[in-house]
Amino acid sequence: MGDVVIEVKDVWKKFRIYRERSRMLKEVFINLFRGGDRYEEFWALKGVSLTVRRGEAVGIIGRNGAGKSTLFKVMCGVLRPERGEVRIRGRVSPLIELEAGFHPELTGIENIYLNGAIYGMTRKEVQEKLPRIVEFSGLERFIHSPIRTYSSGMHARLGFSLAINVDADILLVDEVLAVGDAEFQEKCYRRIKEMRQEGVTIVYVSHNLNSVIDICDRALWLDEGEIRMEGDPEEVVKSYLNTP
Amino acid sequence: MFLLFFQYKELLKNLVLRDLKVRYKRSVLGVFWALLEPLILMLLFTVVFSFVLRIKVEKYPVFVLCGLLPWSFFSTGLSYSSTSISEHANLIKKIYFPREIIPLGVILARLVNFLISLGLLFIFVLAFGVKFTPYLIFLPLIIALELLLIIGLSLFFTSLNTFYHDVGFILEFILFGWFYITPVFYPVSMVPERFLKFYMLNPMAVIVHSYRRVLLYGQPPEAWHLFLAFLEVLATLFIGWAVFRRLEYRFAEVL
Numbered sequence: 293m294g295d296v297v298i299e300v301k302d303v304w305k306k307f308r309i310y311r312e313r314s315r316m317l318k319e320v321f322i323n324l325f326r327g328g329d330r331y332e333e334f335w336a337l338k339g340v341s342l343t344v345r346r347g348e349a350v351g352i353i354g355r356n357g358a359g360k361s362t363l364f365k366v367m368c369g370v371l372r373p374e375r376g377e378v379r380i381r382g383r384v385s386p387l388i389e390l391e392a393g394f395h396p397e398l399t400g401i402e403n404i405y406l407n408g409a410i411y412g413m414t415r416k417e418v419q420e421k422l423p424r425i426v427e428f429s430g431l432e433r434f435i436h437s438p439i440r441t442y443s444s445g446m447h448a449r450l451g452f453s454l455a456i457n458v459d460a461d462i463l464l465v466d467e468v469l470a471v472g473d474a475e476f477q478e479k480c481y482r483r484i485k486e487m488r489q490e491g492v493t494i495v496y497v498s499h500n501l502n503s504v505i506d507i508c509d510r511a512l513w514l515d516e517g518e519i520r521m522e523g524d525p526e527e528v529v530k531s532y533l534n535t536p
Numbered sequence: 002m003f004l005l006f007f008q009y010k011e012l013l014k015n016l017v018l019r020d021l022k023v024r025y026k027r028s029v030l031g032v033f034w035a036l037l038e039p040l041i042l043m044l045l046f047t048v049v050f051s052f053v054l055r056i057k058v059e060k061y062p063v064f065v066l067c068g069l070l071p072w073s074f075f076s077t078g079l080s081y082s083s084t085s086i087s088e089h090a091n092l093i094k095k096i097y098f099p100r101e102i103i104p105l106g107v108i109l110a111r112l113v114n115f116l117i118s119l120g121l122l123f124i125f126v127l128a129f130g131v132k133f134t135p136y137l138i139f140l141p142l143i144i145a146l147e148l149l150l151i152i153g154l155s156l157f158f159t160s161l162n163t164f165y166h167d168v169g170f171i172l173e174f175i176l177f178g179w180f181y182i183t184p185v186f187y188p189v190s191m192v193p194e195r196f197l198k199f200y201m202l203n204p205m206a207v208i209v210h211s212y213r214r215v216l217l218y219g220q221p222p223e224a225w226h227l228f229l230a231f232l233e234v235l236a237t238l239f240i241g242w243a244v245f246r247r248l249e250y251r252f253a254e255v256l
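Chains as they are written, first to last, in this note's numbering: chain U, 293 to 536; chain C, 2 to 256.
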């Protein structure tokens, strides 16, 4: 067993659900400085703890709204939990719908550089990986066109190809394999497994239960913001499926 | 915060480049707009204030250009950056990086734009027969002061605007009013003596005035005013950053 690279300790995350979207500015300022109470609170995560060791692949499953994506975002550092602690050691590469940072007016190549920088890569690093990224995407012919001319599938291809080629110690995957055509999905799937072999730590959030069993050493079942079960992927998936 | 500049210089550089590239894409004249814009404004202001309203200032075109350039750096820097976090909702919601980078990138792109247009100003200054003096060495200092002022105010307005777009509308009015209490199209000497003390509390008044002293009048900036403005800029930075820090972790929740 390797050392601990992800440590999520008793994490609580709360969201505010506003009853009305448009509120008075006065009210807003009062709330801002005093902390008002004109919204409902909703706890998306209720004391979740998770430890991931180097080289492990952990799957997270659960119904819609169970808190999977919230946990994911807390691990990425996008959301800050109200209580608890998250410790990450190493370079994290979140695999998400990666068109996020793309700009429609820029070409494929320009976007690769821009997004690479968002991932914390230097220009040189991107340069070195460029051939691999372009090849993986299968978009050689379009790579010098502005990506506003791309289809949504092509966007996803480009984003995924970049993210998967970041030299990450930890790969966080959130339901990305739902994008692209079957052939590309298969390619991504293979690449994730390959990275696993290379010793990359993986946290894999998915509704595709078979892929969780296939990829992960351990699975976590989230239910209403709490861990319902943790253990062998096959067993966890089985009880998940057998629970109405 | 300045560590951020260093740590994320790659991202910052990319964002600035992208901003510059995208701003002028799909326009025939491209980056020439950075020069054309102030030039057109200069003509308009000269017609209105020199010929119609007859403000008595020598070499009015270059005088007004000297105020317009820093002003448009200030106003576009603030208004463009204030919406930047909302415009990058996709990114903010999905991946972590220090959020300050986004407005900073916009402001630095405006700085590049400003520096390009300064080149134009230099040509005009020479064309109007003004001689440069060694006091020109104060120029980088004044630019830095203005940059820091914009960053401080931007952090404040950008973070609030991300929550409530009302702030963006309010900012428009603030900038509108601020324009008139800054000596852009009239000289500081037109301000009544008894108001001057208060007038110079406006850091932008000090900054614009300092540009003129250094570039047009061959005089050093007024040390006391500049020092006062410096203190105000520090306070602005401090407040802006504190507000930003306090609100930034909720950006991803409200976008």
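Since the hints were made in silico from the structure, they are not lab data.
It is possible that some hints are incorrect.
What the hints assert, rightly or not - Okay, derived cross-link-like pairs now, SDA-like style, lysine to any residue, Cα gap no bigger than 25 Å in a straight line:
1. K301/U x H436/U
2. K26/C x H436/U
3. K94/C x G412/U
As the list claims (entries may be wrong) - Where chain C lies over chain U, by a calculated footprint (3+ residues, C-beta under 8 Å):
4. 447-460
5. 501-511
Since this is a predicted model, take the numbers as computed values, not measurements.
Yeah, the Cβ is synthetic: ideal placement off N, Cα and C, and Gly gets one too.
Taking the hints in turn, this is what the structure says about them:
1. K301/U x H436/U: violated (45 Å)
2. K26/C x H436/U: Holds, because 15 Å separates the two Cα atoms, which is no more than 25 Å.
3. K94/C x G412/U: holds (17 Å)
4. 447-460: As far as the region 447-460 of chain U goes, the hint is violated, because 0 residues have Cβ atoms under 8 Å from chain C.
5. 501-511: Three-residue rule not met by the region 501-511 of chain U, so violated; n is 0.
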